[in-house]
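Number of protein chains: 4
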Amino acid sequence: MITRGRILISCPDQPGIVARVSQALYELSANITESAQYTTNPSGGTFFMRVAFYLMEESDTLEALHRAFKPITEEFQMQIQIAMPDIRKKMAIFVSKEEHCLLELLWQQKMGTIAADIAMVISNHKDHEDTVKAMGVPYHYIPVTPETKYEAEQMQANLLQGNADFIVLARYMQILSPLLIEQFPNRIINIHHSFLPAFVGARPYERAYERGVKIIGATAHYITEELDAGPIIEQDVARIHHGYSVSDMKSIGRQIERTVLARAVRWHCDDRILLHENKTIVFN
Amino acid sequence: MITRGRILISCPDQPGIVARVSQALYELSANITESAQYTTNPSGGTFFMRVAFYLMEESDTLEALHRAFKPITEEFQMQIQIAMPDIRKKMAIFVSKEEHCLLELLWQQKMGTIAADIAMVISNHKDHEDTVKAMGVPYHYIPVTPETKYEAEQMQANLLQGNADFIVLARYMQILSPLLIEQFPNRIINIHHSFLPAFVGARPYERAYERGVKIIGATAHYITEELDAGPIIEQDVARIHHGYSVSDMKSIGRQIERTVLARAVRWHCDDRILLHENKTIVFN
Amino acid sequence: MITRGRILISCPDQPGIVARVSQALYELSANITESAQYTTNPSGGTFFMRVAFYLMEESDTLEALHRAFKPITEEFQMQIQIAMPDIRKKMAIFVSKEEHCLLELLWQQKMGTIAADIAMVISNHKDHEDTVKAMGVPYHYIPVTPETKYEAEQMQANLLQGNADFIVLARYMQILSPLLIEQFPNRIINIHHSFLPAFVGARPYERAYERGVKIIGATAHYITEELDAGPIIEQDVARIHHGYSVSDMKSIGRQIERTVLARAVRWHCDDRILLHENKTIVFN
Amino acid sequence: MITRGRILISCPDQPGIVARVSQALYELSANITESAQYTTNPSGGTFFMRVAFYLMEESDTLEALHRAFKPITEEFQMQIQIAMPDIRKKMAIFVSKEEHCLLELLWQQKMGTIAADIAMVISNHKDHEDTVKAMGVPYHYIPVTPETKYEAEQMQANLLQGNADFIVLARYMQILSPLLIEQFPNRIINIHHSFLPAFVGARPYERAYERGVKIIGATAHYITEELDAGPIIEQDVARIHHGYSVSDMKSIGRQIERTVLARAVRWHCDDRILLHENKTIVFN
Numbered sequence: 014m015i016t017r018g019r020i021l022i023s024c025p026d027q028p029g030i031v032a033r034v035s036q037a038l039y040e041l042s043a044n045i046t047e048s049a050q051y052t053t054n055p056s057g058g059t060f061f062m063r064v065a066f067y068l069m070e071e072s073d074t075l076e077a078l079h080r081a082f083k084p085i086t087e088e089f090q091m092q093i094q095i096a097m098p099d100i101r102k103k104m105a106i107f108v109s110k111e112e113h114c115l116l117e118l119l120w121q122q123k124m125g126t127i128a129a130d131i132a133m134v135i136s137n138h139k140d141h142e143d144t145v146k147a148m149g150v151p152y153h154y155i156p157v158t159p160e161t162k163y164e165a166e167q168m169q170a171n172l173l174q175g176n177a178d179f180i181v182l183a184r185y186m187q188i189l190s191p192l193l194i195e196q197f198p199n200r201i202i203n204i205h206h207s208f209l210p211a212f213v214g215a216r217p218y219e220r221a222y223e224r225g226v227k228i229i230g231a232t233a234h235y236i237t238e239e240l241d242a243g244p245i246i247e248q249d250v251a252r253i254h255h256g257y258s259v260s261d262m263k264s265i266g267r268q269i270e271r272t273v274l275a276r277a278v279r280w281h282c283d284d285r286i287l288l289h290e291n292k293t294i295v296f297n
Numbered sequence: 014m015i016t017r018g019r020i021l022i023s024c025p026d027q028p029g030i031v032a033r034v035s036q037a038l039y040e041l042s043a044n045i046t047e048s049a050q051y052t053t054n055p056s057g058g059t060f061f062m063r064v065a066f067y068l069m070e071e072s073d074t075l076e077a078l079h080r081a082f083k084p085i086t087e088e089f090q091m092q093i094q095i096a097m098p099d100i101r102k103k104m105a106i107f108v109s110k111e112e113h114c115l116l117e118l119l120w121q122q123k124m125g126t127i128a129a130d131i132a133m134v135i136s137n138h139k140d141h142e143d144t145v146k147a148m149g150v151p152y153h154y155i156p157v158t159p160e161t162k163y164e165a166e167q168m169q170a171n172l173l174q175g176n177a178d179f180i181v182l183a184r185y186m187q188i189l190s191p192l193l194i195e196q197f198p199n200r201i202i203n204i205h206h207s208f209l210p211a212f213v214g215a216r217p218y219e220r221a222y223e224r225g226v227k228i229i230g231a232t233a234h235y236i237t238e239e240l241d242a243g244p245i246i247e248q249d250v251a252r253i254h255h256g257y258s259v260s261d262m263k264s265i266g267r268q269i270e271r272t273v274l275a276r277a278v279r280w281h282c283d284d285r286i287l288l289h290e291n292k293t294i295v296f297n
Numbered sequence: 014m015i016t017r018g019r020i021l022i023s024c025p026d027q028p029g030i031v032a033r034v035s036q037a038l039y040e041l042s043a044n045i046t047e048s049a050q051y052t053t054n055p056s057g058g059t060f061f062m063r064v065a066f067y068l069m070e071e072s073d074t075l076e077a078l079h080r081a082f083k084p085i086t087e088e089f090q091m092q093i094q095i096a097m098p099d100i101r102k103k104m105a106i107f108v109s110k111e112e113h114c115l116l117e118l119l120w121q122q123k124m125g126t127i128a129a130d131i132a133m134v135i136s137n138h139k140d141h142e143d144t145v146k147a148m149g150v151p152y153h154y155i156p157v158t159p160e161t162k163y164e165a166e167q168m169q170a171n172l173l174q175g176n177a178d179f180i181v182l183a184r185y186m187q188i189l190s191p192l193l194i195e196q197f198p199n200r201i202i203n204i205h206h207s208f209l210p211a212f213v214g215a216r217p218y219e220r221a222y223e224r225g226v227k228i229i230g231a232t233a234h235y236i237t238e239e240l241d242a243g244p245i246i247e248q249d250v251a252r253i254h255h256g257y258s259v260s261d262m263k264s265i266g267r268q269i270e271r272t273v274l275a276r277a278v279r280w281h282c283d284d285r286i287l288l289h290e291n292k293t294i295v296f297n
Numbered sequence: 014m015i016t017r018g019r020i021l022i023s024c025p026d027q028p029g030i031v032a033r034v035s036q037a038l039y040e041l042s043a044n045i046t047e048s049a050q051y052t053t054n055p056s057g058g059t060f061f062m063r064v065a066f067y068l069m070e071e072s073d074t075l076e077a078l079h080r081a082f083k084p085i086t087e088e089f090q091m092q093i094q095i096a097m098p099d100i101r102k103k104m105a106i107f108v109s110k111e112e113h114c115l116l117e118l119l120w121q122q123k124m125g126t127i128a129a130d131i132a133m134v135i136s137n138h139k140d141h142e143d144t145v146k147a148m149g150v151p152y153h154y155i156p157v158t159p160e161t162k163y164e165a166e167q168m169q170a171n172l173l174q175g176n177a178d179f180i181v182l183a184r185y186m187q188i189l190s191p192l193l194i195e196q197f198p199n200r201i202i203n204i205h206h207s208f209l210p211a212f213v214g215a216r217p218y219e220r221a222y223e224r225g226v227k228i229i230g231a232t233a234h235y236i237t238e239e240l241d242a243g244p245i246i247e248q249d250v251a252r253i254h255h256g257y258s259v260s261d262m263k264s265i266g267r268q269i270e271r272t273v274l275a276r277a278v279r280w281h282c283d284d285r286i287l288l289h290e291n292k293t294i295v296f297n
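Chains as they are written, first to last, in this note's numbering: chain A, 14 to 297; chain B, 14 to 297; chain C, 14 to 297; chain D, 14 to 297.
A couple of the hints might just be wrong.
Identical copies look the same in the list; a pair holds intra-copy or inter-copy alike.
Pairs of lysine-lysine, DSS-like flavour, derived with a Cα cap of 25 Å [claimed, not checked]:
id: 1; residue 1: K263; residue 2: K292
id: 2; residue 1: K139; residue 2: K103
id: 3; residue 1: K123; residue 2: K162
id: 4; residue 1: K162; residue 2: K83
id: 5; residue 1: K146; residue 2: K123
id: 6; residue 1: K263; residue 2: K146
id: 7; residue 1: K123; residue 2: K139
id: 8; residue 1: K123; residue 2: K292
Hint data in this document are derived by calculation from the structure and do not stem from the laboratory.
Looking at chain A on its own, in the form it has when it is part of the complex:
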């Protein structure tokens, strides 16, 4: 019987952290499968570490791990997250009309490359109801109009309460309520259809076309209160040329968007992302 575990830590950097952490894992008879670390500065900076491991004994539960690490986290003023990958995260997907990101997430989840359970899909359109329900996933149609915005947000919050660990905005074209942003701090992943910080806001492809850029991109980031300004998780790009219409760019863009978003979601599920100020540290 094998129990898999992951530890994510951050703390002020100082000598001895790795020695203590690895000693603790050794005493728990952990077999380390991956380990990565990063320091902003070995004197006076912040230290980040991710360790993935497995334990051979069933009794080594989450509690035992927390107990073992308690003295270390206190000594080093450490923030620690201990995750058991066998306890899968619950993901809620928000989507509007465009389906490519939704389909990619559904498919990669089914393939096992995204290691999460899909708790529900919430949409302000009915378009994807059949597709989603056919996969056994609850679909909540919650239309949003200026008049119903408040009630819609309440309904969303109620549905999510206790049922989702994180949210993915898979081309959801409504501004998210601050209520939800507060409820899921650094646990809402958005895909923005430009290479941020270029073309913040609406109609990025149209603006890229007008500016005459030679490369377009997409950006997955955690949502914060400021529009398109949250910590960037992943970006990718594709080359275009003068002959691409806005519609061609959107078509190419869809490929980038779904790939970038799926990567970001996979890393989030695999506990590969740590936050430092407004930036991500991605151990991948």
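Following the hints, complete the assembly by docking chains B, C and D onto the known chain A.
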């Protein structure tokens, strides 16, 4: 005896342009080696075309070509450029402290991939004097201070007058005089060390670092009066991650900058670039 | 009423081809939307051209086009294909167990980026029957064993006869019958899961892992009798490192495979591909 | 006074390695700046680790480090390399006619991105003598003919003996003597002008052209006795199309070759490369 030629045209799109142009070349016994065209819209848009060819008879001079195309340009309200690649363009390079773009241009010119003569290098520093002179290229050291700015610009303009066909700013860190921009309209190529329109202006790598982007880039563009807003010729990018310091980014960035700039200069020399509003059409 | 058309030509290069072709299109009042050409050598080489256009009059049918071009094709010993995009090609998809390429084709066809009708899916497994039938596409389960190979091939050939214009092998893991290859010359597109010509044949990811390459890829090509040796249509790659297992490589590889295959199929449907010896000319 | 150090280890994987190594570094008061590890399999595989650190006391010499790690290396049957980056490696560059890789290495060394001393350049041509000598680097012209091959190799071996730590073949077009390969095991870096294992051997661009590939590449690898079959350090690629002649491909290829080779050399100098069977583990 072979004479090589290139024709760049733009005009309101309408049926029959290609037929007339290719008929004229046929009557001149031209052997077409490359031909590319683009229309913003076949009904009512603008049509662009580039034809590279050679003529078997020595007598087919530039004049003969202009004469042959005169009725066509009039009929189609065509803007036409006729270039003979054997008459090489004269390039002036401006550079400040950083040498990587300068070296790349010198090397690619020597290798023959950049088909231009280097008329001179102008710098506000003495650093590259030996390197440049060793290659037999005149080097003009023109320091620029707030007090001497006006005289410096006059000196630059005088040196360039009649001696250069276009200018390359190879990491020249001074704002160029409007005088020069007017003197060389759409014939000044700059390399900006970011993926425009992200990080317009100073210190782009520092700002990319602060924003936490996962990809950095560089942009070659024609200079216009508005800072970093001229027509983009070429861009490229490289992937980075959280572990890259500003200094690492600059180091990676140098590779992108020199490659992107050299490509843009090569295309300019090979008459591959047409302008449409604030955008480039690059037939490459 | 608009009729869209495309002409693909190849012939021995000589002066005057473009003039004659464009004159003929002009006389048909064609509005040219795209035109591209390539010559292996303007003296004595082969000339290739693709023109996309539309005609404003309904009466300009396929027949009229063929009539208009008959004297030209004779004069220049031209091979010509005239296609009307509104008459969509019929595509048959072959697939085995892995679904990613199949799903991509189904989705892009539904989105309209692949402009073909899906005539049928043929598989040696039952796995995808529900998915395919739910989209209204016929699914033919034809198991292949050493004993039934001949009958299976006969069944395939019978199903395809008159019902398919081209075949896509979307990770079909059986060697295709020479019968089919003959029946669909240069009209069977395969996706090979390596960067050809590296790792021809079986188990490319395993062999890439053993060789320790730092980049993996996929290749879409037309099938010929020699294994993995047909004309390459498109390739793409992704960066890996020492930490990638064979399984990780397969997972990354799936993203490349489906993208590369879908691109190749799109270009085939859009009549963008010409053949020259064992190579493709792709006007995209 | 700061002393910088790096440790590279490999050993059979088992629990406790990291704990012991990091404890030893802690006891030496080392400040860890980078640490990376990799296991082929936590049960029964091979474990690899690289740690970069600095020590605050001058007395912590190489010897002290070796002493501190002796019990650990014995306990874990560990292979260990301890490097002090302030003791720079001595690099010998071999080059034939093509200069682009040589120039890149010279420039990056001067810029400080390649942290090695250039002990000498050896060439079978005189072409680069002036360039190299102007940088204060000894240039040895050793022509190689079938008749003089043996003497040439003896001369090379004698020049290198005690004067070089590793060799870079910067487009050196002679087969290297087994004598040298034995003298510098896994310390000769070659750039091969194809995406290995495609196009092993001579004339890779010509063969890539004939095969009609859509992407070309270059590969930096350690030399072994078998041609182009040694451990791959780094690869990169560039997209081409049907319009590229062999000469165009060589021109694009030069950009890839010099970049890939320079990266591999930098990593070698920075002690980022470990070997496992015929593969590299690159901690970058």
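How the hints compare with the structure:
1. In this homomeric assembly, K263 and K292 come within 25 Å of each other (Cα to Cα) only across copies, at 19 Å, whereas the closest approach inside a single copy is 27 Å.
2. In this homomeric assembly, K139 and K103 come within 25 Å of each other (Cα to Cα) only inside a single copy, at 22 Å, whereas the closest approach across copies is 31 Å.
3. Taking the shortest Cα distances, K123 and K162 never come within 25 Å of each other, neither inside one copy (33 Å) nor across copies (32 Å).
4. Taking the closest pair of Cα atoms, K162 and K83 never come within 25 Å of each other, the shortest separation being 44 Å inside a single copy and 64 Å across copies.
5. Within a single copy, K146 and K123 get their C-alpha atoms as close as 14 Å, and across copies as close as 19 Å, so both meet the 25 Å cut-off.
6. Taking the shortest alpha-carbon separations for K263 and K146, neither the intra-copy value of 27 Å nor the inter-copy value of 29 Å comes in at or below 25 Å.
7. Taking CA atoms no more than 25 Å apart as the test, K123 paired with K139 passes in both settings, with 22 Å inside one copy and 18 Å between copies.
8. Proximity of K123 to K292 under the C-alpha cut-off of 25 Å is found in neither arrangement, the shortest distances being 30 Å within a copy and 33 Å between copies.
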